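*Asks:* Next come the chains, spelled out residue by residue.
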Amino acid sequence: MAEKEEDVKLLGFWASPFSRRVEMALKLKGVPYEYLEQDIVNKSPLLLQLNPVYKKVPVLVHKGKVLSESHVVLEYIDQIWKNNPILPQDPYEKAMALFWAKFVDEQVGPVAFRYVAKAEKGIEVAIKEAQELFMFLEKEVTGKDFFGGETIGFLDLVAGSMIPFCLARGWEGMGIDMIPEEKFPELNRWIKNLKEIEIVRECIPPREKQIEHMKKVVERIKPA
Amino acid sequence: MNQEEQVKLMGLWGSPFSKRVEMALKLKGIPYEYIEEDVYGNKSPMLLKYNPVHKKVPVLIHNGRSIAESLVIVEYIEDTWKTSHTILPQDPYERAMARFWAKYVDDKVMLAVKKACWGPESEREKEVKEAYECLKCLEKVLGDKLFFGGETIGFVDIAADFIGYWLGIFQEASGVTIMTAEEFPKLQRWSEDFVGNDFIKEVLPPKEKLVAVLKAMFGSVTSN
Chain A
1 MAEKEEDVKL LGFWASPFSR RVEMALKLKG VPYEYLEQDI VNKSPLLLQL
51 NPVYKKVPVL VHKGKVLSES HVVLEYIDQI WKNNPILPQD PYEKAMALFW
101 AKFVDEQVGP VAFRYVAKAE KGIEVAIKEA QELFMFLEKE VTGKDFFGGE
151 TIGFLDLVAG SMIPFCLARG WEGMGIDMIP EEKFPELNRW IKNLKEIEIV
201 RECIPPREKQ IEHMKKVVER IKPA
Chain B
1 MNQEEQVKLM GLWGSPFSKR VEMALKLKGI PYEYIEEDVY GNKSPMLLKY
51 NPVHKKVPVL IHNGRSIAES LVIVEYIEDT WKTSHTILPQ DPYERAMARF
101 WAKYVDDKVM LAVKKACWGP ESEREKEVKE AYECLKCLEK VLGDKLFFGG
151 ETIGFVDIAA DFIGYWLGIF QEASGVTIMT AEEFPKLQRW SEDFVGNDFI
201 KEVLPPKEKL VAVLKAMFGS VTSN
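Taken in sequence, the protein lines are chains A and B. Mapping to UniProt numbering: the first sequence position 109 is 109, numbers consecutive. Mapping to UniProt numbering: the second sequence position 117 is 117, numbers consecutive.
I should point out that these hints are in silico values taken from the structure, not numbers from a laboratory. Since the model is a prediction, treat every value here as computed from it, not as a measurement. Backbone N, C-alpha and C fix where the C-beta goes; we use that ideal spot for every residue, glycine too. Check the hints yourself; a few may be wrong.
Listed next, the in silico DSS-like pairs over lysine-lysine satisfying Cα-Cα at most 30 Å (straight line) [what the hints assert, rightly or not]: (1) K114(B) x K140(B); (2) K9(A) x K82(A); (3) K56(A) x K129(B); (4) K94(A) x K82(B).
One-sided and incomplete, this derived list gives chain A residues near chain B with beta-carbon spacing under 8 Å [as the list claims (entries may be wrong)]: (5) L67; (6) V72; (7) E75; (8) Y76; (9) I80; (10) P91; (11) Y92; (12) K94; (13) K102; (14) F103; (15) F136.
Here chain A stands alone, though its shape is the one from the complex (with noise of 0.2 Å):
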């Protein structure tokens, strides 16, 4: 039976990493949805409704079934449309793929931007500490066209919608070079990779128009 585009609904947000790892799920999976941007500061009571807990995107509905949470919305994806699988079924690789991506979310994101933005102990000792977790993915996507292995799987979807499709274009607006390809050669090869993926490059909000959020953000965020 096919889908049909009302069987599925995404809330997002244009500059959401994690809503925009959900559409690449979706496109990779061809299946079709409805896709309904929200406005993040003034919520919309859709959004309060579907998601009393955080009231936050993305939220996917499907055939009336509300979800939320990236993590827990792809692995479901994963098992409703089966084709183009992005967990591995391998158990230990399973638990690799979850781990490295609650890393990604959990101590990346947060560091190499948050932190970074505020600078506390200053800017340069931020940026070391960042650069001390992203060697642990430079490892972890070595010798790999993807952290998938041959094709984008979960971590993919993670990390590329977080590292190179948000958190760069927020330092490219604070004028950091935090992960140079001298120091991250896989790193930087494995972005080279992403950026050839169609459904990908579909997937990822326009270049200046999220230098300039993320500006905004980062002024939010530093101490007066």
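Given chain A, work out where chain B should sit, using these hints.
*Replies:* Relative to the frame of chain A, chain B by itself:
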């Protein structure tokens, strides 16, 4: 079974995160070698080798490979050993909901309780209210089910082990009350059933020892 196939668990006697993994192993009848780690004192070379990213417990070692992050480990255990006791539902939506609420316990509830019990006095009222609201949310999610997992202990029950056992102890050690039987009759009944379960009670750390350690670590909030 050869050496590599044997399961080893590096843990900390009083940690609810560490205990989650032990609970999963016990429920599924998987024998394991337990290794106590002096996490707050001297981290062993073994810990630094098997969890270089976070240098924390729990760490599961199986087939010569290590996995960290308690809920990632529990999911790995579920995927690897197909025994009669299933921890996660088969239905993709129910599975997603279990992951969502387990994450909620981790991201919101535990942090809120910690801040409420051990945070600064000036923030106490606000933090207690926040923790109270989080627990009310879980009270509603539990409803009239025997366990969060339904008839048997599941993923959310294991994730919420802190609420089932440690919360009462935190309250006693800190002198701060968030959850009472009158206000939370369902969670109260659930926690009694949870800690009363044969597999669960086998791994719970001794109460008096925990109270003493917590009091020493944080100091009692209300003077005796």
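*Asks:* Verify the interface restraint on Y92(A): the C-beta must sit less than 8 Å from at least one C-beta of chain B.
*Replies:* OK, holds: Y92(A) within 8 Å of chain B, min 6 Å.
*Asks:* At a threshold of 8 Å, is the proposed contact between Y76(A) and chain B supported by beta-carbon distances?
*Replies:* Holds: closest Cβ of chain B sits about 4 Å from Y76(A), inside 8 Å.
*Asks:* Taking 30 Å as the top limit, are the C-alpha atoms of K114(B) and K140(B) close enough?
*Replies:* Holds, at about 21 Å.
*Asks:* Tell me if L67(A) is really an interface residue toward chain B, meaning its C-beta lies closer than 8 Å to one of theirs.
*Replies:* 5 Å, holds
*Asks:* Holds or violated: is there a CB of chain B closer than 8 Å to the CB of P91(A)?
*Replies:* 4 Å, holds
*Asks:* Is the shortest C-beta separation between F103(A) and chain B less than 8 Å?
*Replies:* Result: holds, 6 Å to nearest chain B Cβ.
*Asks:* For the pair supplied as a hint, K94(A) and K82(B), confirm whether the alpha-carbon distance does not exceed 30 Å.
*Replies:* Answer holds: K94(A) to K82(B) is near 16 Å, not above 30 Å.
*Asks:* Hint F136(A) vs chain B: min CB-CB distance below 8 Å?
*Replies:* 6 Å, holds
*Asks:* Given K102(A) as an interface hint, is its Cβ closer than 8 Å to any Cβ of chain B?
*Replies:* 6 Å, holds
*Asks:* Mind checking the CB of V72(A) against every CB in chain B and telling me if the closest is under 8 Å?
*Replies:* 5 Å, holds
*Asks:* Would you settle whether the hint for E75(A) is holds or violated, based on the nearest Cβ-Cβ distance to chain B being less than 8 Å?
*Replies:* 7 Å, holds
*Asks:* Could you grab the alpha-carbon distance between K56(A) and K129(B) and see if it respects the 30 Å cut-off?
*Replies:* 22 Å, holds
Hint check: no violations occur; every hint is consistent with the structure.
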